[in-house]
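All chains should be modelled from the sequences, with the hints used to inform the complete structure.
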Amino acid sequence: MKKTSLMKSVVFIAITVGFAFLFNSKIGDIPPLGKFLNPFTGFWQNAEDVKDVINRSFVQAELQDSVQILTDEQGIPHIFAQNEHDLYFAQGYITAKDRLWQMDFQTRYAAGRLSEVVGKKAVELDRYQRRMGMVYGAEAMLKESLNDPKSKLIIEAYSAGINAYIKELSPRDYPIEFKILNYKPEAWTPLNSALLLKLMSATLARGTNELAMNNIMAKYGAEVTDDLFPNYPFNEDPIIPAGTPWNFDQNAPKVSISPSPLIASVKNSNKARKDFPLSSRLLTAAKEENIGSNNWAIAGNRSASGFPILANDPHLDLTLPSIWYQIQLHSPSMNVYGVSIPGAPNVIIGFNEDIAWGVTNVGSDVLDWYKIQFKDDTHREYLYNNTWEKTSFKVEEIKIRGEKSVTDTVYYTLHGPVSYAKNQKPDEFNIANNIPADYALKWVAHLPSNELRTFYELNKAKNYDDYRKALVYFSAPAQNFVFADRQGDISITSNGLFPLKEKRQGKFLLDGNDPGDEWVNRIPAEENPTIKNPTRGYVSSANQWPVDQSYPYYLGWEFGSYERAHRINTQLDAMHAADLKSFEALQNDNYSILAENILDTLIHVLRTDEALNATESEAFKLLEQWDRRYEASSVAASIFEAWYNTLNRMIWSDDFDGKEAIMRYPNRDRTVHLLLHEPTSRWFYNGSAKLTRDEVVRNSFKDAIGQLEKNYGDLAKWEWAMIKKTHVPHLADIAGFGSRVLQVGGSKHTVNAMSESNGPSWRMIVLMGPKPQAFGVIPGGQSGNPGSKFYDNQISTWEKGELNELLFLENSNLKQKGIISQIELKKTKN
Amino acid sequence: MFLFLIIVVVAFIAQLIFPWWIIIPVVMICCRFKASSAASAFLSSFLAIFTLWLLMSLFLSIQNDHILASRVGEMLGLRPASYNWLLVALMSTLPGAITAGFAGASGFLLRKFFSKY
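In the order they appear, the protein sequences are chains A and B. Heads up: the first sequence runs through residues 1 to 830, numbered per this note's numbering. Heads up: the second sequence runs through residues 1 to 117, numbered per this note's numbering.
It is worth saying that the hints were derived from the structure and are not from the lab. If you're wondering where the values come from, they're calculated on a predicted model, not measured in any experiment. Heads up, a few of these hints could be off.
[Stated by the list, open to error] Cut-off 20 angstroms, straight-line C-alpha distance, at most; resulting in silico cross-link-like pairs (DMTMM-like, lysine to aspartate or glutamate):
id, chain 1, residue 1, chain 2, residue 2
1, A, K817, A, E805
2, A, K422, A, E396
3, A, K532, A, D511
4, A, K51, B, E74
5, A, K725, B, E74
6, A, K789, B, D65
7, A, K789, A, D173
8, A, K120, A, E428
9, A, K120, A, E396
10, A, K789, B, E74
11, A, K150, A, E84
12, A, K827, A, E144
Okay, here's the thing in structure tokens:
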């Protein structure tokens, strides 16, 4: 009897303990269910009270004075501090309160530390980030920033604010993603902020085509390569208007460069995609022709108010939590409003009482590969200037959750890290395909820099001179800084550290032995392309070429195509008495310059085709009547898009698919020129079939219509928004945490640049005046918590193409319109 | 019924301070002293934690307009539906209720074992 009950109790206790253990462990991707689902410490604790408007106060011993943080109806904080230390402390504190997991995860992503929290599926990605020198670059930046007392104060106070917030948390308060992935927030360091700024460089300035270009050169020779990959486009509308004289000595560099066409054998890239989801957001793959942004400013004599108006919409791969964090920073030395990067201090794009500024990416060539000849397999020495130099080894330890760490040795040369030595390259990791083996990476984002100081100076700038002084500190990723002030000045500067290069230096792979192939210096900062108050009455940029061919320095050979820029300039040329509405309309403009350029020709070709079936004829009719706008409900837009993409593939895929060695297609500008002016070109041939342009145009139309029919059914269902399926996914692709499919128009090459999940990450319009009036919207919301009403509350406004008026406060009075609650950070208890 | 109520109250207070598995000792001790059979110990414990967790989840979800519960429902693979928050709340009770049930029965059996001395 006793024995049975003992047995029984042992069995039951074992079962109990078994369940407790099971429900407290993360198994595969399933969170620990007891921990996650219980309402006392699990995810239910992240379900914020939608009516919560309670004022709170916290004691923070590190403050020098008390800080008021007012929250408005959009959940946006307005910080009022008595000194700069407290201002950035509070910025760190409040940003962490809304975005801690995003900050943690992106930092790990940048630093190659994701495996620590998601396990071995991220090892290859982690290895890649480290091999590209992300931490190496962030450390160089941090060192430089800490040498500047101002930047040091800002970055350290900001980190302290984040850590003060983390210290207040108990496990029930952790953001939900920590609970799903079952890990804890760790202390923040200033290096993390530097890593996040480097991540912007990785997103915007890490594209590389050198290996593909080399392979093309090796296969087709110089003549074809120059013809299909020209050094300046046929169609251009440069940022600094063509013909603008340069007001400096035109002493271009005198360095001899001899690009050596080496063919690198690269494994076939058409393997199944096995990368970690986030890999799709990395861009070392081909330099992306379409990513980019718009900004412009119009002078007072062309606006309704008599003061300048400025607009900016940076396009990025959209994610939730939102990429940007809106904030107002107020102290005795500044009053600035705009968007910040969660995890980095200052406002990045915004306005103050006197000025407004915005940025778009400059696609200049700031990344090169240098062939390294190692002496032997030990990799201890390599050849430079025909002498053996010592390699330095950096051993990277990648910690893996639930498994033993792996170590990885990266070889550093005087050019930079050898991203992948031969036999270090992974077999199935697509984003590394464009990286040549045994080459060292020279990248501007590895150089010491102090971008923080630029933003600090812009945040408190009062006029054009302050703006110009602020820009000098900025290296990477190079940006077109548009500017307007209330005194009436407008300006734009393509700004960053541009290496001083020989023409076409770095279009192909370079020789690491030859000192002549090195970057010797930089383009003087004051000679970066810039213009102030041009006669045309506006400035603008959309990632196109900054300059015409008279600019004496070499910036690169390929920039974003000109279509968006051209449309913006055409519209601005015609804009008089500009106001909020006309700027809003231009940000939402879906008109396709690509269609304007080629559709008439394509239609003309197709008109002679007798053999169209019923669907094809109907589609053809729609195209004839199309207004060339990628509206959400347009069926013709879907047809044109499918047709052009098929046509592009049919022209180039047989010659440049890169089956034996990685290659790329010629760009859109060149393709359009081929279509319009070279109808019998050999590039229309398909293998031995000597096709003409007209045949390829017809074939591609039928093929495209067939594909649409197969994938989407009846023609009535081909509405552009339904085919494009724009949506905003969660940063870690957690189901249910992203947005629904959005009803938006626009395409990659329209001003309203919108693809599946890339688009305007922030739309801003600032009307300058005695007091600035500003409008803005993000595709998401302020809070990073999926359980907050502020997680995605702005997304419908964004979807409609509308902007919210931004609340720009002058004082910290709690009882003013639009304020719903207050957080007070006190130095000591009362 | 008394056993049920005492578990609800003690488990509620204990979970404000300790991790979720604190319900195991709570339930074991309550059943050690108050349960009349292994089956009733199991049932009372299961239902007590089921009820406590359900009420607590619903309280939090209602003031949240079910924003988060709907998202988590989708994460857990439920098809989008207006009542998903309730399904999620019901599902959420299971790990706790099951563990509590076995813990309750263990508590009762332990008493039987110790009472022989």
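Take a quick look at whether A:K422 and A:E396 sit within 20 angstroms of each other, Cα to Cα.
holds (18 angstroms)
Given hint B:E74 paired with A:K51 - CA-CA distance at most 20 angstroms:
Distance of about 24 angstroms is beyond 20 angstroms: violated.
Hey, A:K725 versus B:E74, does the alpha-carbon distance stay inside 20 angstroms?
The given pair, whose Cα atoms are some 19 angstroms apart, holds under the 20 angstroms limit.
Hint consistency between A:K789 and A:D173 [alpha-carbon to alpha-carbon, up to 20 angstroms]
This hinted pair holds, its Cα atoms lying about 17 angstroms apart.
So if I understand the rule, the pair passes when the alpha-carbon distance is 20 angstroms or less; does A:K532 with A:D511 pass?
violated (40 angstroms)
Are the Cα atoms of A:K789 and B:D65 separated by 20 angstroms or less?
Holds, at roughly 9 angstroms.
Restraint check for A:K789 with B:E74, where alpha carbons must lie at most 20 angstroms apart
holds (17 angstroms)
For the pair supplied as a hint, A:K817 and A:E805, confirm whether the alpha-carbon distance does not exceed 20 angstroms.
holds (13 angstroms)
For A:K120 and A:E428, compute the direct alpha-carbon distance and say whether it is at most 20 angstroms.
holds (15 angstroms)
A:K150 and A:E84 were given as a pair; does the straight-line alpha-carbon distance stay at or below 20 angstroms?
Judged against 20 angstroms, a Cα distance of about 10 angstroms means the pair holds.
Given the proposed pairing of A:K120 with A:E396, does the C-alpha separation stay at or below 20 angstroms?
Holds: A:K120 and A:E396 sit about 15 angstroms apart, inside 20 angstroms.
For A:K827 and A:E144, compute the direct alpha-carbon distance and say whether it is at most 20 angstroms.
violated (31 angstroms)
In this structure, the earlier hints numbered 3, 4, 12 are contradicted, and the remaining ones agree with it.
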